[in-house]
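All chains should be built: construct the whole structure from the sequences, respecting the hints.
From first to last, the protein sequence lines stand for chains A and B. Anchor point for the first sequence: position 364 equals 566 in our numbering, and the numbering is continuous, going up by one each time. Anchor point for the second sequence: position 20 equals 222 in our numbering, and the numbering is continuous, going up by one each time.
I should point out that these hints are in silico values taken from the structure, not numbers from a laboratory. None of the values given here were measured: they were computed from a predicted structure. It is possible that part of the hints are untrue.
Same chains, same names: a pair is fine if it fits in one copy or spans any two.
[Claimed, not checked] Taking lysine to any residue and the SDA-like style, the derived pairs with C-alpha atoms no more than 25 Å apart in a straight line are: (1) Lys627 to Pro566; (2) Lys324 to Thr528; (3) Lys324 to Leu523; (4) Lys204 to Gly526; (5) Lys204 to Lys324; (6) Lys543 to Asp290; (7) Lys627 to Gly284; (8) Lys324 to Leu436; (9) Lys571 to Thr603; (10) Lys324 to His466; (11) Lys324 to Gly526; (12) Lys542 to Asp229; (13) Lys204 to Asn616; (14) Lys542 to Ser240.
Protein chains: 2
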Amino acid sequence: MKSINIGLLGCGTVGTGVARVLLENRDLIARRVGADLSLKKVADIDITTDRGIRFAEGVLTRDAAGVIDDPDIHIIVEMIGGLNIAKDFILKAIDRGKQIVTANKALLATCGNELVRAAQAKGVDLAFEASVGGCMPIIKSLRESLVGNRILAMTGILNGTCNYILSKISDDKTPYETALNDARKNGFAEADPTLDIEGHDTAHKLAIIASLAFGCHINLEDIYVEGITPITLLDIELAQEFGYRIKLLAIGKKTNGAVEARVHPTMIPFSNPLSNVNGSLNAITISGDMVGDMMLYGHGAGMLPTASAVVGDIADISRNLLTGSTGRIPLLAFQPGHMKKLPVLPIDEIITPYYFRFAAADRPGVLSKISGILGDHDISLKSVHQKGRKSEGSVPIVMLTHLARESRVQQALNEIYHLSVVTDKPVLVRIEDVDYED
Amino acid sequence: MKSINIGLLGCGTVGTGVARVLLENRDLIARRVGADLSLKKVADIDITTDRGIRFAEGVLTRDAAGVIDDPDIHIIVEMIGGLNIAKDFILKAIDRGKQIVTANKALLATCGNELVRAAQAKGVDLAFEASVGGCMPIIKSLRESLVGNRILAMTGILNGTCNYILSKISDDKTPYETALNDARKNGFAEADPTLDIEGHDTAHKLAIIASLAFGCHINLEDIYVEGITPITLLDIELAQEFGYRIKLLAIGKKTNGAVEARVHPTMIPFSNPLSNVNGSLNAITISGDMVGDMMLYGHGAGMLPTASAVVGDIADISRNLLTGSTGRIPLLAFQPGHMKKLPVLPIDEIITPYYFRFAAADRPGVLSKISGILGDHDISLKSVHQKGRKSEGSVPIVMLTHLARESRVQQALNEIYHLSVVTDKPVLVRIEDVDYED
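Structure representation (structure tokens):
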């Protein structure tokens, strides 16, 4: 049986997972792929920590450069994370003609084009299924299964930390800080969870899949990003009363020759299956002109689920090597030269329904003042709720709107904020209200 | 740009869908695949009906054999359905060295091995993603994405007709017959829905995916099959009270060197995301040793969702043709010669929790008689409910059990049925109670 030799760079959580999958299921994988996927080298700065894996003599090394230069190694698996070193190693490995597998979403979202161009120029494969949605085959679906579809929209829960926190607030009626601490305690949040809770990790993932889905380069800076910190238990409970759940969504849509690409807390109706995706799980709905709506659901992070996706990539590349078909599928789903330039719609120009919560003094006339300003800005209300509930000394007024334009909403909310009767910054949550087909 | 020529056999619902996808999204597909997928011939006995497609002169023909013999055609797409003619055409096309795409689950479940052997001998690809779960990439996930996993279990809602009927009974509190008529009226059930409602269509699909998942040949006859006709509104409502929904599930599991492969109505807890899959939608949960649980969700039937999967297969095969990598992935997920012989566990030997409903005269001592018999057969009860509700003149007694062995359950139920106080055949619903991870 032929052997494909693998060099793993970085043996942290996911790297260790990749080593485990390759070693523990080695025979099974060989029965499927028709070749032995042999983990020849594992490079890490730490070669003393016990990872619970018995590597053969000489496999573990500190010399990443040596692994990249090793002429026997066919595939380099970059599991270091971060930007500079990882990028440097990947470019060097491409230069040596190695096939590449990575899960580095931050790197792909910021320098993806450069890496893809280098790989294409050298004629090597660069696979990155594990960079988005952990185990879910989202990249494979976009590049292969859905090839007959014009992708219309994608809506995803792509960050387990945020989803865990929002689920926790909702289930346990705990405030944000308690939920965050709980996420930390259970290993669902990093010591510094900023990248997650501010939505940037989700934006990295959206940049990658929106490019593949719509066949255009999406710049990370063009993606509007809002995190989950402004979301309170009160908003979650009110949303629930109206039949909605609040999730941090990655939204990508094709709209009249432009692309919407945005990340923000979003109210979705109970009938949307994403509303039932709880805890640290991820899911994504993809809408295509032929396929209708399709959803993938699973572990978006974690050692072994992520490693499972990495090993799927390794197997794909191995099969290409075995049949001499490297480059069989274009790295960005579309043939080089067939990507289009599409503008990303500025957030000001999106049109969507909204949820507003105002904190206002409990005085007559307040409601009419607020709704008057909204009317002046062409914002039409679907419902108004004044529950008489006391929140920090003022009464919450909640409104759900019909479709409205973000720029008008921002102007109106700014005017309302400056009313003397309004005691706090208005809260806004965008709504995705399209019912899942059935 | 290179051209791949396609010959379509059968232009019924799905065949028409395939033609539409290939023609309407022709440019888009070419931008992705790097070749023009050209629908050169469409063979059907009916070439007069308006299908809403304007075929070019000479494309539509009655001469299927001529299409198979056409030396310019690279891929034959079999959309005829049924067994004999379809099999004959596929074997002829393989013999002519054509690549094959089919969605014919009945044919694959009954003669799959013969077709696969013929394709392997001739060195052509045989793709069948659309045979299971419509648009959902279940075959691709098993053969490619999850290659690093030992598949432990699969649980799927794979028949839209049954799911529509069960959802309808549950939502509208209608009896079975009304729900079935409604399914017919809305195009979700065939004039003769026997194959669907008796579970055989689901069993065909399970035979296909269980073979791929577990790397062994599953014979259709070894799959235990029970349809949805015994399920009443009362059972659905009682299940709901206990926190369960009833779905027709395809269950495939690896158990101590054997495979469980069975199709029957099943109670699943609300926490299982399959319980929220309603209407004609399909979904499948796959559990792997590395990936944990992963779910795919979407339209399991219908013209365009199914056609989307067929076109995905056509693109995969085209890419193999363009790079000379036909046979890149083994047709049954494992390399030929690496399939194992695994016995299918007879239904008598399965061990699972159960729901029982007995119709008994409302007399003292009935409960103790029934539970006595169950105890004699080592069946331990989790809960007993006697609601005093009148159903056809007798009182329903409902019991949920802990794990019990099917053979003991059948013996006990038979004894209980013969008690003079028991007025009707006991109802049994198996329970899948493993909570989805979170």
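Tested hints:
1. In the homo-oligomer, the alpha carbons of Lys627 and Pro566 lie at most 25 Å apart inside one protomer (20 Å), although the nearest pairing across protomers, at 67 Å, exceeds that limit.
2. In the homo-oligomer, the alpha carbons of Lys324 and Thr528 lie at most 25 Å apart both inside one protomer (11 Å) and across protomers (24 Å), since each shortest distance falls under that limit.
3. Within a single copy, Lys324 and Leu523 get their C-alpha atoms as close as 15 Å, and across copies as close as 22 Å, so both meet the 25 Å cut-off.
4. In this assembly of identical chains, Lys204 and Gly526 lie within 25 Å of each other by CA distance both inside one copy and across copies; the values are 14 Å within and 19 Å between.
5. Taking the shortest Cα distances, Lys204 and Lys324 sit within 25 Å of each other both inside one copy (24 Å) and across copies (23 Å).
6. When the C-alpha separation of Lys543 and Asp290 is checked against a cutoff of 25 Å, the pair qualifies neither within a copy, at 28 Å, nor between copies, at 48 Å.
7. Taking CA atoms no more than 25 Å apart as the test, Lys627 paired with Gly284 passes in neither setting, with 36 Å inside one copy and 65 Å between copies.
8. With identical chains, the CA atoms of Lys324 and Leu436 are never at most 25 Å apart, being 54 Å at best within one copy and 65 Å at best between copies.
9. In this homomeric assembly, Lys571 and Thr603 come within 25 Å of each other (Cα to Cα) only inside a single copy, at 16 Å, whereas the closest approach across copies is 61 Å.
10. Within a single copy, Lys324 and His466 get their C-alpha atoms no closer than 38 Å, and across copies no closer than 53 Å, so neither meets the 25 Å cut-off.
11. For the identical chains of this complex, Lys324 and Gly526 are neighbours both inside a copy (15 Å) and across copies (20 Å), given an alpha-carbon limit of 25 Å.
12. Only between protomers do Lys542 and Asp229 lie at most 25 Å apart by alpha-carbon distance; the minimum there is 13 Å, versus 43 Å within a single protomer.
13. Proximity of Lys204 and Asn616 under a CA criterion of 25 Å is satisfied in neither setting, with 67 Å inside one chain copy and 57 Å between copies.
14. In this homomeric assembly, Lys542 and Ser240 come within 25 Å of each other (Cα to Cα) only across copies, at 23 Å, whereas the closest approach inside a single copy is 39 Å.
Violated hints, listed in ascending order, are 6, 7, 8, 10 and 13; each of the other numbered hints is respected by the structure.
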